[in-house]
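Chemist: In order, the protein sequences belong to chains D and H. The first sequence begins at 1 in UniProt numbering and counts up by one. The second sequence begins at 1 in UniProt numbering and counts up by one.
Hints listed in this document are in silico derivations from the structure and should not be mistaken for laboratory results. Treat the hints with caution; some may be incorrect.
Said to hold, decoys possible - Here are the simulated distance ranges between beta carbons: (1) D/Glu249 to H/Thr13: 19 to 25 Å; (2) D/Met24 to H/His181: 39 to 45 Å; (3) D/Gly243 to H/Gln126: 39 to 45 Å; (4) H/Lys141 to D/Ile176: 57 to 63 Å; (5) H/Gly16 to D/Val125: 49 to 55 Å; (6) H/Asp162 to D/Phe185: 56 to 62 Å.
To be verified - Distance condition first, Cα-Cα at most 25 Å in a straight line; then the derived DMTMM-like pairs of lysine to aspartate or glutamate: (7) H/Lys141 to D/Glu23; (8) H/Lys191 to H/Glu164; (9) D/Lys13 to H/Glu185; (10) D/Lys2 to H/Glu82; (11) D/Lys95 to H/Asp189; (12) H/Lys78 to D/Glu249; (13) H/Lys68 to D/Glu23; (14) H/Lys147 to D/Glu23; (15) H/Lys140 to D/Glu23; (16) H/Lys85 to D/Glu249; (17) D/Lys17 to H/Glu143; (18) H/Lys150 to D/Glu23; (19) H/Lys104 to D/Glu23; (20) D/Lys95 to H/Asp139; (21) D/Lys13 to H/Asp105; (22) H/Lys237 to H/Glu247; (23) H/Lys81 to H/Glu66; (24) D/Lys13 to H/Glu117; (25) D/Lys13 to H/Asp75; (26) D/Lys95 to H/Asp75; (27) D/Lys13 to H/Glu164; (28) H/Lys119 to H/Glu164; (29) H/Lys195 to H/Glu185.
What the hints assert, rightly or not - Over 12 Å on every C-beta distance to chain H, these chain D residues come out as not near it, computed from the model: (30) Val43; (31) Lys127; (32) Ile192.
Glycine is no exception: its CB is placed at the ideal position from the N, C-alpha and C atoms.
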Amino acid sequence: MKPILRIVYSSMKIQMKQTFAREMFRYIVIIFPLFTGLLMGFVYMDKSTADFVSYAMVGTATMTMWSSIAFSSASDVQRERFMGALAQIFNTPEKFYYIMLGKVLGNTLLGAVSMVISFIFVGAVFKVPINIVNVPVFLAVFFISVVSYMMIAMMLSGVLAVSRQARTLMNSMDYIIFLLTGSAFPITVLPIYLRFFSYALSPTYAIKLLRLAITGSVNTSAFYLYFVGLIMTTVLYFVVSLGLYRTIELRARVNATLEVI
Amino acid sequence: MIEVLNVSRSFTTKKGIIHRKTETMKAVNNISFSVNQGEIFGLLGPNGAGKTTTIKMLTTLLTPNEGKITILGYDTVKRAKEVQKRINFIYGGERSLYWRLTAKDNLIYFADLYNIEYKQMQSRVQGLLKLVGLEKYADKKVETFSKGMKQRLQIARALINDPEIVFMDEPTIGLDPAATHLLHEIILDLKTRGKTIILTTHYMKEAEELCDRIAFIKQGEIVDIQSPSAHINTAAKNSGKAIKSIEDVYMHYFGAERGVE
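Please model the entire structure based on the sequences and the hints provided.
Modeler: See below:
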């Protein structure tokens with residue numbers, strides 16, 4: 001195995017082992033998606049099937065995915081800092097970016113499990129048939145969305161590595177994403193100045209695209225527009241995360257932010 | 001092997017919520033010393049003297065504000081990755097390990113991060129577990145270990161990349177006599193294999209027995225560097241008192257500031 005793949009794979013494996021060893025894992029991966037799904041299901045049970053699928057099923061699934069990937073990944077930096085392991089892994093000869101990428105990938109796989117659980121659970125409980133009209137497009141969009149979420153997680157974990165205060169930001173990010181990306185309600189109800197932020201967030205495009213793939217409306221101009229939006233924001237996040245990790249290599253050593261004290 | 005030239009390091013902290021005040025504390029002030037291959041070099045001084053900051057700069061975890069550190073010919077700031085391949089470090093206490101993983105998982109992960117060849121990895125991990133007397137506990141989670149066992153595992157982790165230089169910051173803190181004895185044996189064994197050890201400790205007898213040379217550090221500045229016997233002779237000559245051990249030398253340098261004559 002090539003060194004980079006080895007680092008990513010090894011970090012992913014360790015991350016998943018640690019997650020399975022934590023009691024909170026059952027809550028994040030299984031319980032939280034089920035409760036969120038039930039909540040959203042009851043909110044949208046009297047609405048049209050299209051709305052139910054859009055918000056109760058796709059919305060919940062993407063929310064749980066987001067919580068698992070981004071929130072867990074960023075929290076891991078803080079956890080490793082308190083354990084004293086952050087300085088240890090940072091000081092190995094391999095690039096910190098690849099180590100963190102492996103950890104984020106581990107959370108992504110678990111997030112994907114959450115997503116599938118919530119999607120199937122909500123459909124089954126509220127007796128809504130899971131009917132994805134365009135499966136190949138759905139899978140392609142799902143894959144790109146997962147990559148995009150990973151890049152957000154990389155940015156957040158990077159910020160946390162250089163700043164101990166970023167924990168506060170992280171705790172509020174969960175709901176900001178839910179509110180701004182249209183996972184629980186259409187973003188058209190938001191004030192125009194807030195919608196600007198919505199369109200800077202890739203989950204907004206991911207959710208719209210997944211809905212269009214489910215309903216089969218993939219040959220519309222809106223689909224291509226959202227697709228370009230998803231790709232562009234993902235590339236932007238990737239570039240920003242790379243830049244962030246380059247500065248981390250220096251700033252963490254200058255500002256001594258890798259440890260608790 | 002290690003060259004430290006006119007190195008200083010300060011830390012800046014901000015206080016207050018509305019009227020933010022910046023305070024700068026100089027932890028290390030213009031220190032210079034060199035360490036030879038195969039030497040056990042002690043850094044002694046009271047809490048807050050700058051020992052750990054010095055170790056962190058030497059291990060590339062912190063950048064100096066001024067001066068230059070060269071390890072094995074590599075600048076610790078410009079060629080940090082080259083330095084990291086060839087060194088490793090242990091901090092006293094129970095941190096720096098993944099508690100929810102087994103001892104073996106911890107070592108395998110760090111072997112991956114140091115890109116140890118697969119062929120060597122299993123035998124090295126087994127060998128190190130045997131070296132620190134943990135081979136029977138290879139598959140036990142670290143959280144079930146005693147403090148001494150965790151510290152022994154840290155030693156094994158620090159030797160995973162067969163480093164040329166090992167930095168040990170208070171490695172015997174809180175260990176029972178048997179565990180301390182084992183660590184001393186490992187340190188002396190490393191020396192016979194040509195490894196260089198940088199050691200900080202508050203146990204003067206330990207420093208006197210193990211170190212080839214000792215640097216006393218006070219308020220971020222080096223007071224004197226000599227062999228233990230030379231320190232004893234110099235302190236006896238300067239003080240006119242009966243100084244028979246490194247502990248007496250320590251009290252000669254630092255006793256007055258602690259209110260001890």
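Chemist: Run every hint past the structure and note whether it holds.
Modeler: Hint by hint, here is what the structure shows:
1. D/Glu249 to H/Thr13: 19 to 25 Å: holds (23 Å)
2. D/Met24 to H/His181: 39 to 45 Å: Because 40 Å falls inside the window, the suggested range holds.
3. D/Gly243 to H/Gln126: 39 to 45 Å: For glutamine 126 of chain H against glycine 243 of chain D, whose Cβ atoms are near 42 Å apart, the range 39 to 45 Å holds.
4. H/Lys141 to D/Ile176: 57 to 63 Å: The hint (57 to 63 Å, Cβ to Cβ) is violated, given that lysine 141 of chain H and isoleucine 176 of chain D are roughly 36 Å apart.
5. H/Gly16 to D/Val125: 49 to 55 Å: holds (53 Å)
6. H/Asp162 to D/Phe185: 56 to 62 Å: Because 58 Å falls inside the window, the suggested range holds.
7. H/Lys141 to D/Glu23: Holds, at roughly 15 Å.
8. H/Lys191 to H/Glu164: With a Cα-Cα distance of about 10 Å, the restraint between lysine 191 of chain H and glutamate 164 of chain H holds, given a limit of 25 Å.
9. D/Lys13 to H/Glu185: violated (34 Å)
10. D/Lys2 to H/Glu82: holds (19 Å)
11. D/Lys95 to H/Asp189: Cα-Cα ~32 Å, so violated.
12. H/Lys78 to D/Glu249: Distance ~11 Å between lysine 78 of chain H and glutamate 249 of chain D Cα, so the pair holds.
13. H/Lys68 to D/Glu23: Not OK: lysine 68 of chain H and glutamate 23 of chain D at ~47 Å, beyond 25 Å, violated.
14. H/Lys147 to D/Glu23: holds (24 Å)
15. H/Lys140 to D/Glu23: holds (18 Å)
16. H/Lys85 to D/Glu249: holds (16 Å)
17. D/Lys17 to H/Glu143: Holds, at roughly 14 Å.
18. H/Lys150 to D/Glu23: OK: lysine 150 of chain H and glutamate 23 of chain D at ~23 Å, within 25 Å.
19. H/Lys104 to D/Glu23: holds (22 Å)
20. D/Lys95 to H/Asp139: violated (28 Å)
21. D/Lys13 to H/Asp105: holds (10 Å)
22. H/Lys237 to H/Glu247: holds (16 Å)
23. H/Lys81 to H/Glu66: holds (20 Å)
24. D/Lys13 to H/Glu117: holds (18 Å)
25. D/Lys13 to H/Asp75: violated (34 Å)
26. D/Lys95 to H/Asp75: holds (18 Å)
27. D/Lys13 to H/Glu164: violated (29 Å)
28. H/Lys119 to H/Glu164: holds (21 Å)
29. H/Lys195 to H/Glu185: Given that 25 Å is the threshold and the Cα spacing comes to 14 Å, the pair holds.
30. Val43: holds (37 Å)
31. Lys127: holds (40 Å)
32. Ile192: holds (34 Å)
Against the hints set out earlier in the document, violations occur for numbers 4, 9, 11, 13, 20, 25 and 27.
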